[in-house]
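Could you use the hints to bring the two separately framed chains together as a complex?
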Amino acid sequence: MSARDSIRLEAQALSAGYGGASILSDIDLTVPAARLTVLVGANGSGKSTLLKTMARILRPNSGSVLLDGKSVHRIKTREIARKLGHLPQGPVAPEGLTVRELVAQGRFPHQGLLRQWTSEDEAAVTDAMETADIAGFADRPVDSLSGGQRQRCWIAMALAQQTELLLLDEPTTFLDLKVQVDLMELLAGLAHERGRTLVVVLHELSLAASYADYLVMMKEGRIACAGTPGEVFTASHIKDVFDLDAKVIHDLDTGHLVCVPTGTHAQRKTVEQVA
Amino acid sequence: MTVLAEQAGVRSRTAALSGALAVTFLLFALHVAVGSKTLSPATLLEAIFSPDEKAFEHMIVWQLRLPRALTAMSVGAALSVAGALMQGVTRNPLADPGLLGLMAGASFAVVMASQFLGVTAYSAIPFIAVIGALGAALIVGLIALWVPGGTSPLTLTLTGAVISAFLGALIAIAHLLDEESFDSLRIWLSGSLSGRDLDIFAMTAPWIGAGLVASVLLARQVTALAMGDDVAKGLGVRTGWLKLQLLLTVVVLTAGAVALAGPLGFVGLVIPHAVRLFVGSDYRWIVPYSMVLGAAYLLVVDIIARTAIAPREISTGIITAMVGAPVFIQLVRMKAR
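So the protein lines, in turn, are chains D and X.
In this text, residue positions in the first sequence follow this note's numbering: the first is 1, and each later residue adds one.
In this text, residue positions in the second sequence follow this note's numbering: the first is 276, and each later residue adds one.
The set of hints was computed from the structure by calculation and includes no laboratory data.
A virtual CB, placed ideally from N, CA and C, is assigned to each residue, including glycine.
Among these hints, one or two may not hold up.
With a straight-line Cα cutoff of 30 Å, these simulated DSSO-like cross-link-like pairs (lysine-lysine) come out [said to hold, decoys possible]:
1. X:518 to D:76
2. D:70 to X:518
3. D:219 to D:83
Some chain X residues flagged as far from chain D (calculated, every beta-carbon gap over 12 Å) [as the list claims (entries may be wrong)]:
4. 308
5. 324
6. 329
7. 392
Pulled out of the complex, with its shape left as it was, chain X reads as follows (with noise of 0.2 Å):
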């Protein structure tokens, strides 16, 4: 029997996405070992096989490097996917994880919880994010029923966008109330990476993991729903159910990524477009080609915000766009042709 076409298309992409994980992996290693003290690959080898406590490249290692490593890729994954299957679900090319002010709404939840309330215990924060997150989607969505025909995609987009300048404003004013103290957050809310230590990564993986372990499950479903709700509904997806394992898997998934590294934008949008343009609309591949390529995308970029201007250190949002908007109109211009 010849080779089933779909079975053909499945190796060549399961190939690529092993290709691209190795180089995921190289990237991460040499995450850890560049920086303001670059370290070799047998002293990177030593402190992961063999740490020593008194060793003090041990330690960057493991309560600089390997964290923040970690964190980066954990970050773009969750953006990436949750940005991919946002746009799958509303249609909407330009959607990314902060629509529906998802991002708005964590990243108020943070503040306000650790500016006012005294919130500093890491175990707390993804909790307060998730909880963030889905309150900005609620106040959206309980408008979007309220005002009448509210629910179409562009007044959800409409509003959620408003809801997301509302809390942005509110963050802002306290910011004025209270310079001072708002100083540490004034970085993490334009989107870093420095400063994380194994146990916020912890507490975050799990929720992270778990909305990545959802995507995975549910991407089947949203390339069926990506074609309308009646085609999808026609193919037997109880579309309603979907979209709430959607929305929730989102929620999580951006909480996680805001409650380690702030609103980092970017990232959610412009990866799951140029993941479109190599394995095309099958959300059983842009899902898992976003995760790795999301992952691989931060770790480059956080690798040039620690060094181009070492010792000193660059925001890595404020790297994310800077370099990615080059390359994707690179990209688009390579496959245009």
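Isolated chain D (complex conformation) (with noise of 0.2 Å):
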């Protein structure tokens, strides 16, 4: 699928929050299409508000969501639900589900109170959990699982939603570096090998740096900046949006920045003790 004919995700002046109090201010995103987008900032910066926000989740106090230059608040749920798929923040399985089905929640918006499951339904849940790498433990409960295998079924069970955009919130929180790394190869090769559009929350910075084809900081409820990880992260960036003091090391073995904090108690090596 090229990047022309996705749907395509914007937020316009958007201003949301909750209870009347504003948490986001005036922001403009265009999410572009095909690529993994990671939101970062501090935490209460908005992230997972505007995540919300433009998954329809929350109603925006004002300025618009638009999918494919149409108010999502003007869609209705299920058409949302097949075009756009949103995982929260640490979402919690019922005890007692299966990882198969949870995964075939996924197909929810696709029936019908007299659409039947179908073999189209079945190969999605199969390819989902294929793509997530959990179709061995598929009968297993899913609070039988560890951390990342629980939310490696999560994003399976969005991947079977089979939407062209995935919102996901905070889905490495709470891993270890290497499941980490794991689902963020996976979420980038959806957006690179099949043409899916990622919007990813995340909070490790140097991981959304190495990831991100499209790196936005947020701060304060406003977008502080945004573009490729080679134009904004920056030290500079670092200290303003999260007033953090840290170097930013482009590593030439692998080409990835990565972002070391300052702390003045973090203890200094000689070369000698390194090597």
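Structural data, given as structure tokens:
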């Protein structure tokens, strides 16, 4: 699928919040199609709120979210769910629900009262489980799995929804570094190989810089800066957005940008100690 | 093509459900047959298919046994399904039809209407019970809206418990004020299936029937809702609208059950959990299984209530928990192994 005929998601002059209080103000954002967009920002900067408003879970106070040029709040819930998948932060599966049953929930928006389970649904579920690498424990209860496996199950559910757009809120939080990297590989692959458009909220800065095609830094409910990691992942932006003194290193072997905080008590190592 | 995994699951569960239905039907027949006068299968069939108004045994079947068996089944099904839905919506394993003051509200309304307004028409009782249950839910809802942060599940549950206790106290006061005429209600308030006739069953059955049909239709969405509001919304569920539909369904089921048998506890809490042990967390299965198992369970309990110390009988509400508690503990133990 080419980027041209993909669904476009954009926020225009968006303000939103909970119970009248405004958290987001004046957000303009066009999500690049078939790319992995990563939202970063300090706690309370409005990343999740932005994600929820774009996923139509939260109603904006003003401004609008457009899906293919049409306001998402004018589109039916089920129709949205066929185009845009959203995974909230730290979802909890009901006790005893099996992996297959959870993933099958992703077919919800494609089914109706009379439309029965079809081979198409079955194929979507099987494919999602294989992509997320969880087919091996399809019949185990979700609550018996490790954190990383569980997160993969939820992602598989969102995949089974077969939406062009996927909005994921902190899918890697509380996971081991290795598991985080595996997940990011999976997500980046979805964008680059399958042409899906992803928007992911992340906490881990270096991970964000490594995998984002488009990096959005948020501060106090506004977008502080956005662009490719090469453009925006700089020490001065990190200082501004996170109030964190850090150095950004360009690792020549991998080509990745790495953020190294420069705390005064962090211990310096001499060249001999490292070698 | 290989059999789809989903279809294979559907087949085995449908088979098991058919089995459970068959057992329930047998229990139904047993319930009608046994009692202070045990009837033979032949008499039973004759009474049902070629009733003779002059035959005493046929009269027992039509006037006493059948209404009571039908009542037991509908109350059991209604309360189990109401409990299952309530647990799914609130994501609270301890939720039951009494949550949000529904049961107390229905009981309170029926007691007040029959004691002080002199309403005794059978056709009115289900209405009154529904209004009472809705009223209690409304009061709980208003308090929740009035208290800052009151719409959290915890506050709703607590408010429901407080309102239940408050209405319970009012019922107790009414009892003290008018002890004599209250005697007839006393048994009803402990959850009883005795003295039901086909008229009151006929008046309540449409309510319960409608509630059960709605439950089956909504079941698929409840599974999505049980994963949390945000996940459900992401899947395309209109959560606010769904919760309203579910609340009305639970109100109708609970009120229907209360109108027939009084505030019967335990069934709505425990049967859905027993069902989950076997069919998991998918409400497309939990709802129909709860319906059948709830009906079967109350038939068994009522058979015991009527025969344990025959010719006297024990209030069904007392037996539900006495028999159910050890059975449930044994089920959990078996499953844990």
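Going down the list of hints, with the structure as the test:
Distance check on the hinted pair: residue 518 of chain X and residue 76 of chain D sit about 18 Å apart at the alpha-carbon level, within 30 Å; holds. Distance check on the hinted pair: residue 70 of chain D and residue 518 of chain X sit about 28 Å apart at the alpha-carbon level, within 30 Å; holds. Distance hint between residue 219 of chain D and residue 83 of chain D is fulfilled; the C-alpha atoms sit about 29 Å from each other, no more than 30 Å. Even its closest Cβ contact with chain D, about 38 Å, leaves residue 308 of chain X beyond 12 Å, as expected for a residue assigned away from the interface.
Non-interface call for residue 324 of chain X relative to chain D: holds, since the shortest CB-CB distance, roughly 37 Å, exceeds 12 Å. The non-interface label for residue 329 of chain X is consistent with chain D: the shortest C-beta to C-beta separation is roughly 49 Å, beyond 12 Å. Every CB of chain D lies more than 12 Å from the CB of residue 392 of chain X, the least distance being 41 Å, so the non-interface label holds.
The earlier numbered hints are all upheld by this structure, with none contradicted.
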